[in-house]
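Just so you know, the sequences run in chain order D and Y. Residues 1 to 219 in this note's numbering are what the first sequence lists, from first letter to last. Residues 1 to 582 in this note's numbering are what the second sequence lists, from first letter to last.
Keep in mind the hints are simulated off the structure, nothing from the lab. Worth double-checking, as some hints may not be accurate.
Claimed, not checked - Sample of chain Y residues lacking proximity to chain D, with all beta carbon distances greater than 10 Å (derived):
#1 Leu-27
#2 Gln-249
#3 Arg-331
#4 Ile-377
#5 Ile-425
Claimed, not checked - Pairs of lysine to aspartate or glutamate residues, derived as EDC-like cross-links and limited to a Cα-Cα distance of at most 20 Å, are as follows:
#6 Y/Lys-55 to Y/Glu-482
#7 Y/Lys-55 to Y/Asp-443
#8 Y/Lys-15 to D/Glu-133
#9 D/Lys-55 to D/Asp-10
#10 D/Lys-55 to D/Asp-213
#11 D/Lys-134 to Y/Asp-2
#12 D/Lys-55 to Y/Asp-427
#13 Y/Lys-273 to Y/Asp-336
#14 Y/Lys-273 to Y/Asp-427
#15 Y/Lys-156 to Y/Glu-75
#16 D/Lys-215 to D/Asp-22
#17 D/Lys-134 to Y/Asp-312
#18 D/Lys-215 to D/Asp-198
#19 Y/Lys-273 to Y/Asp-296
#20 D/Lys-55 to Y/Asp-573
#21 D/Lys-131 to Y/Asp-2
#22 Y/Lys-55 to Y/Glu-414
#23 D/Lys-55 to D/Asp-22
Said to hold, decoys possible - Among chain D residues calculated to face chain Y with C-beta under 7 Å, some are:
#24 Arg-82
#25 Ile-95
#26 Tyr-97
Each residue gets a CB set at the ideal place from its N, CA and C atoms; glycine is no exception.
What follows is each chain in one-letter form.
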Amino acid sequence: MLRGHDLALDYRTGGSVAHAVDNVSLAVDPGSFVGLIGPSGSGKSSLMYLLSGLKRPTRGSVAFEGRDYRGIPAGGLMRLRRQRFGFVFQQHFLINYLSAMENVMVGAVRRNHEMAGYAQELLRRIGLGDKLEKRPYQLSIGERQRVAVARALVHRPTVVFADEPTASLDQTTGREVINLLADYRARGEGSLVVVTHDPAMLTGADRVLQMRDGKLSAA
Amino acid sequence: MDNPLSLRHFYFRNKRKVLPVIGILALAILGVVVTDSLLASARETAYATYGSYQKLILVAPRATRDQDLSNPLQESLTRLHDVQLQVDALDGPGGLSSYYAAVTAIPAQVQAQLPAMRQLQIDAANARYYAARLRGDLVPLGDLIVRVQRLQSEEKAFEQLVQQLTQNPNDPRALISYLQQHQTLLRTVLPDSAQLGRLQAAGTSASSDAAGLQQSLQAMSHDTASLNAAGRNVADLPVPPSPSATIDQFKVALDRLTASLGSFQSPQPGLDKLVAGSARIAGTAFVKRDAYSNLDINMLAGQAQFDLYGVDQPGMAQLLSLYGDRVILGRLPRADGSEIAISEEIARSRQVWIGGKVGNNIDELDRLPDAFTVVGIIRGPTRIGVIPLDYMTEHYLFERRYQGLVVVPQPGHEQAVHDQLQTLIGDSAFRLFDWSYIKGKIDSLIANLDVINRFLILLVTIVLALVVGLLNNLFFRQRMNEFGLLAAVGYSRWGLILRVAWESLGVTLASWLVGVGLGVAVLSWFNTSFIVPHGLLMNVFDWNVLALHTLPIPLMVFLFGMGTVGWQLLRLDPISIIERRD
Numbered sequence: 001m002l003r004g005h006d007l008a009l010d011y012r013t014g015g016s017v018a019h020a021v022d023n024v025s026l027a028v029d030p031g032s033f034v035g036l037i038g039p040s041g042s043g044k045s046s047l048m049y050l051l052s053g054l055k056r057p058t059r060g061s062v063a064f065e066g067r068d069y070r071g072i073p074a075g076g077l078m079r080l081r082r083q084r085f086g087f088v089f090q091q092h093f094l095i096n097y098l099s100a101m102e103n104v105m106v107g108a109v110r111r112n113h114e115m116a117g118y119a120q121e122l123l124r125r126i127g128l129g130d131k132l133e134k135r136p137y138q139l140s141i142g143e144r145q146r147v148a149v150a151r152a153l154v155h156r157p158t159v160v161f162a163d164e165p166t167a168s169l170d171q172t173t174g175r176e177v178i179n180l181l182a183d184y185r186a187r188g189e190g191s192l193v194v195v196t197h198d199p200a201m202l203t204g205a206d207r208v209l210q211m212r213d214g215k216l217s218a219a
Numbered sequence: 001m002d003n004p005l006s007l008r009h010f011y012f013r014n015k016r017k018v019l020p021v022i023g024i025l026a027l028a029i030l031g032v033v034v035t036d037s038l039l040a041s042a043r044e045t046a047y048a049t050y051g052s053y054q055k056l057i058l059v060a061p062r063a064t065r066d067q068d069l070s071n072p073l074q075e076s077l078t079r080l081h082d083v084q085l086q087v088d089a090l091d092g093p094g095g096l097s098s099y100y101a102a103v104t105a106i107p108a109q110v111q112a113q114l115p116a117m118r119q120l121q122i123d124a125a126n127a128r129y130y131a132a133r134l135r136g137d138l139v140p141l142g143d144l145i146v147r148v149q150r151l152q153s154e155e156k157a158f159e160q161l162v163q164q165l166t167q168n169p170n171d172p173r174a175l176i177s178y179l180q181q182h183q184t185l186l187r188t189v190l191p192d193s194a195q196l197g198r199l200q201a202a203g204t205s206a207s208s209d210a211a212g213l214q215q216s217l218q219a220m221s222h223d224t225a226s227l228n229a230a231g232r233n234v235a236d237l238p239v240p241p242s243p244s245a246t247i248d249q250f251k252v253a254l255d256r257l258t259a260s261l262g263s264f265q266s267p268q269p270g271l272d273k274l275v276a277g278s279a280r281i282a283g284t285a286f287v288k289r290d291a292y293s294n295l296d297i298n299m300l301a302g303q304a305q306f307d308l309y310g311v312d313q314p315g316m317a318q319l320l321s322l323y324g325d326r327v328i329l330g331r332l333p334r335a336d337g338s339e340i341a342i343s344e345e346i347a348r349s350r351q352v353w354i355g356g357k358v359g360n361n362i363d364e365l366d367r368l369p370d371a372f373t374v375v376g377i378i379r380g381p382t383r384i385g386v387i388p389l390d391y392m393t394e395h396y397l398f399e400r401r402y403q404g405l406v407v408v409p410q411p412g413h414e415q416a417v418h419d420q421l422q423t424l425i426g427d428s429a430f431r432l433f434d435w436s437y438i439k440g441k442i443d444s445l446i447a448n449l450d451v452i453n454r455f456l457i458l459l460v461t462i463v464l465a466l467v468v469g470l471l472n473n474l475f476f477r478q479r480m481n482e483f484g485l486l487a488a489v490g491y492s493r494w495g496l497i498l499r500v501a502w503e504s505l506g507v508t509l510a511s512w513l514v515g516v517g518l519g520v521a522v523l524s525w526f527n528t529s530f531i532v533p534h535g536l537l538m539n540v541f542d543w544n545v546l547a548l549h550t551l552p553i554p555l556m557v558f559l560f561g562m563g564t565v566g567w568q569l570l571r572l573d574p575i576s577i578i579e580r581r582d
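One chain only, chain D, in its complex shape (with noise of 0.2 Å):
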């Protein structure tokens, strides 16, 4: 479904090049739940950046669906992420005068009342079904995150990209939060690519990868 091939990122710093991916392919099956841990610098955000079309690789290629990234313009891919990817990050990056049931659905691509009632389901699901009318500041860090997850889900992506989700959560929240990503994976709605330096984390993966300057291989 998600291929990538031969992926490469430099980067140019003065007269140097740092290979922030290295000549890296993966594949990310329909359903599956791919972990990407490794230290700090490692790589790991940067390719799920290529994989996502956050980024352009400098060498190889991407593919979603069987459609190469270098065929699709800038336009079509940012089309592709919106609708057909989800994004967690380290940060909420929740909307400050927006409710919580309002950051969800900036996330909706289609904003109409069976959106609006699956959002609410998912807060629900997620703990939050009594705070839909909060705003970001009324939250406890935890909640936050699990509004941003379930922003990221309320399009129903193929494809869920977690970039180190529980970095800024205490293990019991950070584990809540992986949770409800697997509980996405396991009713079948899409697959999970989680970044993250904490293999705690990754336990319901079907497969983890290790990245170390650049290069990927088998945890």
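For this one, chain D is given, so just place chain Y on it according to the hints.
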């Protein structure tokens, strides 16, 4: 389900950030509306004040004050000096006084023998009395002539100033220099205009005393003849020789002075011919003699002289009919009264009503002499003031001189009548004042204010564009996470720019509406409480001001704010925001 990124959500959830921006912009727009409306009011008031020129042409003596009046005044002064010298000679040593002293010193025995001698003594005493009076009369007469001359030179200096300012409207040095040099002098000279009428009175008094003196001198000649007729050789008597040569010289000087004063008491030469010629021009509705004068009024942009038409009574009715005006209170002035009828706006401007007084005695800046009683209030589309021609020309020396004529063309013949009038006037000492000339003068006077106003609007626009643009940028930076996330999850860059554009447009549009609304409210209040009571004119709903002149501010603020924010949005890298660990 509403779009959570809708403008409604944005505005209502960010009131504390949006409202101050709206407030600042609205206040600036309010300022522009008020200053611009006041300027428009000044222009409209000026147009309305001189609106009577739209339907008539005033033919007035050209440069009367500078040339035609100055020369006779100078000549009169010279003649007056001659008369003074002759009076000195007449009344001084070897003149009447010594003659009278010698006559009265003749022994009583001789006087008793000759009754004619007693009469000679009486007549010589009378002559001495009139000579002394005449000396007294000549002092204020000379003083007045000097003052009038000073007034002429002041007016000349003022006209030069106007010319300099017209040529270099942006150079205030001429004005500053004029004010520095002439301010004190102006204060002392201006009241002189009130005393111009006294020149005639002083001349009349001098003439009367001179006539008395002449009679006494004639009586003395007769007395001398009587002495001779009595059979006594006057030469045998100790009667001194009569100062007849001195008397003759005095008579000549006095005749010259009288002629000189008369030359500027008469109307401008050629006026009668001009009146007759103007009436014959095809397309002329009517022609009236006009002893015009002025009232000083406040026109918001400064003091101005409101033109009064000094016409006969049929002429007053014709002028009112011409403009569609009517007397709503009181009546038109009588021919022989110091009376005036004025438009209600002018009455309000001067804060007078029926029974009130206007004129030089009330306001020293009025050219209308003495004090005229308001007997009529006029209402109608055109502001007008009428005074009686006869009263003006019979009572005031200079009004005869300033007499002109009003020529009213028939509709559609304005230009033709104007051209033919110009031909008729030729090189004579008259000139035409019509609407195009008056409007041009008003526009040129307000032109500088227009430039200042435009500069202020430009300055306000630039400053506001910078301030609000910076606020926008600050606000944008606070929302960087929001835009970073939206860009990362697939919202298009141009979609985000469009969203910010709508937000900015909403804020600037709201500011504009609030500013214009506040402006209308403030102007309505100001119009009711100040403009109307002072006889000024203001169009509160001048869409030219409300819409066109205020639009540059929100437009510039929007473009500048959007330009900078849009540029940042185009360059926005969502990954750099996502990876920020703060």
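Here is what the structure says about each hint:
1. The Cβ of Y/Leu-27 sits about 25 Å from the closest Cβ of chain D, beyond the 10 Å cut-off, so the non-interface label holds.
2. Residue placement check: Y/Gln-249 keeps its beta carbon more than 10 Å from all beta carbons of chain D (closest about 105 Å).
3. Every C-beta of chain D lies more than 10 Å from that of Y/Arg-331, the closest at about 72 Å, which supports listing it as non-interface.
4. With a cut of 10 Å on Cβ distances, Y/Ile-377 stays outside the contact zone with chain D, its closest approach being about 63 Å.
5. For Y/Ile-425, the condition that its CB be more than 10 Å from all CB atoms of chain D holds, with the nearest at approximately 77 Å.
6. A hinted pair counts as satisfied when its Cα atoms are at most 20 Å apart, and Y/Lys-55 with Y/Glu-482 does not qualify at roughly 67 Å.
7. Among the hinted pairs, Y/Lys-55 with Y/Asp-443 is consistent with the structure: their alpha-carbon atoms are about 19 Å apart, no more than 20 Å.
8. Between Y/Lys-15 and D/Glu-133, the direct Cα distance comes to roughly 18 Å. Compliance with the 20 Å bound is thereby established for this hinted pair.
9. Straight-line distance between C-alpha atoms of D/Lys-55 and D/Asp-10 comes to about 11 Å, which keeps the hinted pair within the 20 Å bound.
10. Taking the CA atoms of D/Lys-55 and D/Asp-213, the gap is about 18 Å. The hint holds against a cut of 20 Å.
11. Simply put, D/Lys-134 and Y/Asp-2 have alpha-carbon atoms about 17 Å apart, close enough for the 20 Å limit, and the pair holds.
12. As the CA atoms of D/Lys-55 and Y/Asp-427 are separated by approximately 88 Å, the hinted pair breaks the 20 Å bound.
13. At most 20 Å may separate the alpha-carbon atoms for a hinted pair to count; Y/Lys-273 and Y/Asp-336 exceed this at roughly 25 Å.
14. Our distance criterion of 20 Å between C-alpha atoms is met by Y/Lys-273 and Y/Asp-427, whose separation comes to about 14 Å.
15. Of the pairs offered as hints, the one joining Y/Lys-156 and Y/Glu-75 holds, with about 19 Å between alpha carbons and a cut-off of 20 Å not exceeded.
16. The suggested pairing of D/Lys-215 with D/Asp-22 holds, with an alpha-carbon distance near 5 Å, which does not exceed 20 Å.
17. For the hint pairing D/Lys-134 with Y/Asp-312, the CA-to-CA distance comes to about 86 Å; that exceeds 20 Å, so the pair is violated.
18. Between D/Lys-215 and D/Asp-198 the CA atoms are separated by roughly 18 Å; this keeps the pair inside 20 Å, and the hint holds.
19. Among the hinted pairs, Y/Lys-273 with Y/Asp-296 is inconsistent with the structure: their alpha-carbon atoms are about 32 Å apart, more than 20 Å.
20. Taking the CA atoms of D/Lys-55 and Y/Asp-573, the gap is near 10 Å; set against the 20 Å cutoff, the hint holds.
21. Pair hint D/Lys-131 plus Y/Asp-2 holds up; C-alpha atoms about 18 Å apart against a cutoff of 20 Å.
22. Between Y/Lys-55 and Y/Glu-414 the alpha-carbon distance is near 8 Å, which keeps this suggested pair within the 20 Å criterion.
23. Between D/Lys-55 and D/Asp-22 the alpha-carbon distance is near 15 Å, which keeps this suggested pair within the 20 Å criterion.
24. Interface restraint check: D/Arg-82 against chain Y, minimum CB-CB distance 3 Å, threshold 7 Å, status holds.
25. Taking 7 Å as the C-beta cut-off, the interface hint given for D/Ile-95 holds, the closest approach to chain Y being about 5 Å.
26. Satisfaction of the interface hint for D/Tyr-97 is found here, the shortest Cβ-Cβ separation to chain Y being roughly 4 Å, below the 7 Å cut-off.
In summary, the numbered hints that this structure violates are 6, 12, 13, 17 and 19.
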